[in-house]
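Quick note, the sequences are listed as chains A and B, same order.
Under numbering that gives the first Met the number 0, the first sequence has 143 at position 144, and the numbering climbs by one with no breaks.
Under numbering that gives the first Met the number 0, the second sequence has 46 at position 47, and the numbering climbs by one with no breaks.
Hints are not guaranteed to be accurate.
Claimed, not checked - No more than 27 Å apart at the CA atoms, straight line, and that leaves these computed lysine-lysine pairs for BS3-like:
(1) A:90 / B:90
(2) A:148 / A:125
(3) B:34 / A:125
To be clear, the hints were calculated from the coordinates, so they are not data collected in a lab.
Fair warning: this is a prediction, and the values are worked out from it, not measured in the lab.
There are 2 protein chains.
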Amino acid sequence: MTERELLYLDDVVVGMSFESSEVTITADEIIEFGKQFDPQPFHTDPAAAADTFFGGLAASGWHTAALTMRLLVTGGPAIAGGTIGASGDLKWPTATRPGDRLHVRVTVESVTPSRSRPDRGMCVLKVETLTTDGELRQLFVVNTLLFRKPQ
Amino acid sequence: MTERELLYLDDVVVGMSFESSEVTITADEIIEFGKQFDPQPFHTDPAAAADTFFGGLAASGWHTAALTMRLLVTGGPAIAGGTIGASGDLKWPTATRPGDRLHVRVTVESVTPSRSRPDRGMCVLKVETLTTDGELRQLFVVNTLLFRKPQ
């Protein structure tokens, strides 16, 4: 899929996937986000970061997560009614670094229509946040609310 | 615990818990974060939000997550070497709303020293993000890296 479509529960099938557009993360953005939400030396101070677990400036995992959301919302098919996650499993196998160019690959893992509410259902989506070299920066397997196409 | 301490793996035991300081989230902050990272009407436009699933302005779940991290990093005991999460289960049972005053309660669920690397270990922490009325806005059960006290 390259065009922006409006997705309903009726449209998705297991195995379906799409890739988002890309975004490049800069050191300044990493530091700004870090100062606001995750003020630790490895996210806010390149010099001090060298002596930490990360060995250099790294983005807060929540920054990677927030950028992933932006790519989902703006860079792929639009889910009718909004992209609404209820819960999920989140992993950061590697740290996001200054200059990383990220995109998101979404794969539909399951589709479960609601028994009690016929206008909606849940999908499990595997959301991979990847660099251009294919390194996995974040894996989010999320339970997402989808609505059915209005009759 | 009310004072800021430096925590090592040696210091934590199952069942130990602490509460962070508090932060109040405003409509302006919700909209600003939404425009930057999660541009959907229910996060960016109070009028348009009324007709959505949320029935009014709601914070992006990633905004709740980022504020939770800020409270963890600045409002409770400091973990030696940094607060570094590797993976976890994330749930948003209710939406964060303008005016919510949030704090974080952390409970240690397990402590596992590394077999291969004697200087560190993993803890499972239950991180609850709560309003002053005790409503649960986010639950994050996270695998966290902790270092041992240097000998």
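Status of the hints after comparison with the structure:
1. A:90 / B:90: holds (14 Å)
2. A:148 / A:125: Roughly 23 Å separates the two Cα atoms, so the pair holds.
3. B:34 / A:125: holds (24 Å)
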